[in-house]
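So the sequences go chain by chain: Y and V. The first sequence lines up with residues 1 to 143 when you count with the numbering used here. The second sequence lines up with residues 1 to 138 when you count with the numbering used here.
Just so you know, the hints here were simulated from the structure itself, not pulled from any lab data. Because the structure is a prediction, the values reported are computed rather than measured. Errors might be hidden in some of the hints.
[Stated by the list, open to error] Calculated lysine to any residue pairs in the SDA-like style (CA-CA distance at most 20 Å, straight line): (1) Y/K84 <-> V/E89; (2) Y/K84 <-> V/T129; (3) Y/K82 <-> V/T125; (4) Y/K82 <-> V/T129.
[As the list claims (entries may be wrong)] A few chain V residues that don't get close to chain Y, going by computed Cβ distances all over 12 Å: (5) A47; (6) K90; (7) D92.
[Claimed, not checked] Quick partial rundown of chain V residues pointing at chain Y, CB under 8 Å, derived from the structure: (8) Q71; (9) W81; (10) R84; (11) G88; (12) A112.
All C-beta atoms in this analysis are idealised placements derived from N, C-alpha and C, irrespective of residue type, glycine included.
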Amino acid sequence: MNQGKSERAVGYALIGFERLVTQDRVNAYADASGDHNPIHLDEAYAAATQFGTRIAHGMLSLALVTEMLAIEFPNTWHSGGKLKVRFTAPIIPGESVTTYGEITAIDEIHDEKGILRVATCIVGCKKPDGTDAVSGRATVPLE
Amino acid sequence: MASPLISTAVVGHEFGPYDVTIPVERARAYAAAIGGDESPDYGNHLAPVMVVAAALTELINDLGLFSGGLQAVHAGQEVSWERRIEIGEKVDASGRLVSNSVRRGNHFATIAVSYTDAGRTEVGTSSTTIIVTGEQSQ
Numbered sequence: 001m002n003q004g005k006s007e008r009a010v011g012y013a014l015i016g017f018e019r020l021v022t023q024d025r026v027n028a029y030a031d032a033s034g035d036h037n038p039i040h041l042d043e044a045y046a047a048a049t050q051f052g053t054r055i056a057h058g059m060l061s062l063a064l065v066t067e068m069l070a071i072e073f074p075n076t077w078h079s080g081g082k083l084k085v086r087f088t089a090p091i092i093p094g095e096s097v098t099t100y101g102e103i104t105a106i107d108e109i110h111d112e113k114g115i116l117r118v119a120t121c122i123v124g125c126k127k128p129d130g131t132d133a134v135s136g137r138a139t140v141p142l143e
Numbered sequence: 001m002a003s004p005l006i007s008t009a010v011v012g013h014e015f016g017p018y019d020v021t022i023p024v025e026r027a028r029a030y031a032a033a034i035g036g037d038e039s040p041d042y043g044n045h046l047a048p049v050m051v052v053a054a055a056l057t058e059l060i061n062d063l064g065l066f067s068g069g070l071q072a073v074h075a076g077q078e079v080s081w082e083r084r085i086e087i088g089e090k091v092d093a094s095g096r097l098v099s100n101s102v103r104r105g106n107h108f109a110t111i112a113v114s115y116t117d118a119g120r121t122e123v124g125t126s127s128t129t130i131i132v133t134g135e136q137s138q
């Protein structure tokens, strides 16, 4: 069960979201990142690759995960957040994916500024069949 | 045809620095790609992974990862970030090859990247692991 953000504890489920990854979003991501590799954009080219069709950029799936972290930790994710993930399956344009996360530990770190509470979370993004497109672990300072 | 850099680069090889300053048009494209009703208001700031993605594009190009029949898979990514970055703020990315091994004909390469602001203060780091196949066709 979700608790209020001020009462986060081990077991707290981050508020994920569902996103339809359209080819238009992939095209926009190509413009944003500068990565116009044809495996993401050219259906004829992509048909001859190991995937047999166009795939979204791996970093797009990671961006969805970090969007969830930015929503959940708006004041700390961008200032002290860390993330380590593996990409395990490509997102195919037209798929709806769902981000997820859960706090698995909260540690207190003592430094020159005092005591900092840091949450460790499992995070990821699932494809429609329930497999992970990306999964890993994030650490985020708590306010 | 010359071999792509991924085939010849040794551990310690340095990349960049790349100018990964993100202009407003690219920030808007990122919002169109990722954003939704629940998205936070970034204001004049960027999602750090956008800067990382811009650096990765430069690395992919320099390594020749999609040239001459090569196929690359983005296998893993680490990111850490120290502070918010504003749209248009000067950021440079400097990379270093930290591993480059061949197993069963596939290259496994990891590149660590440091991001610095105009004052040369580090604002973030990343590490990218890539698997490259298809070198037998070279």
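Out of the numbered hints, which ones does the structure contradict? Of the numbered hints, 1, 5, 11, 12 do not hold.
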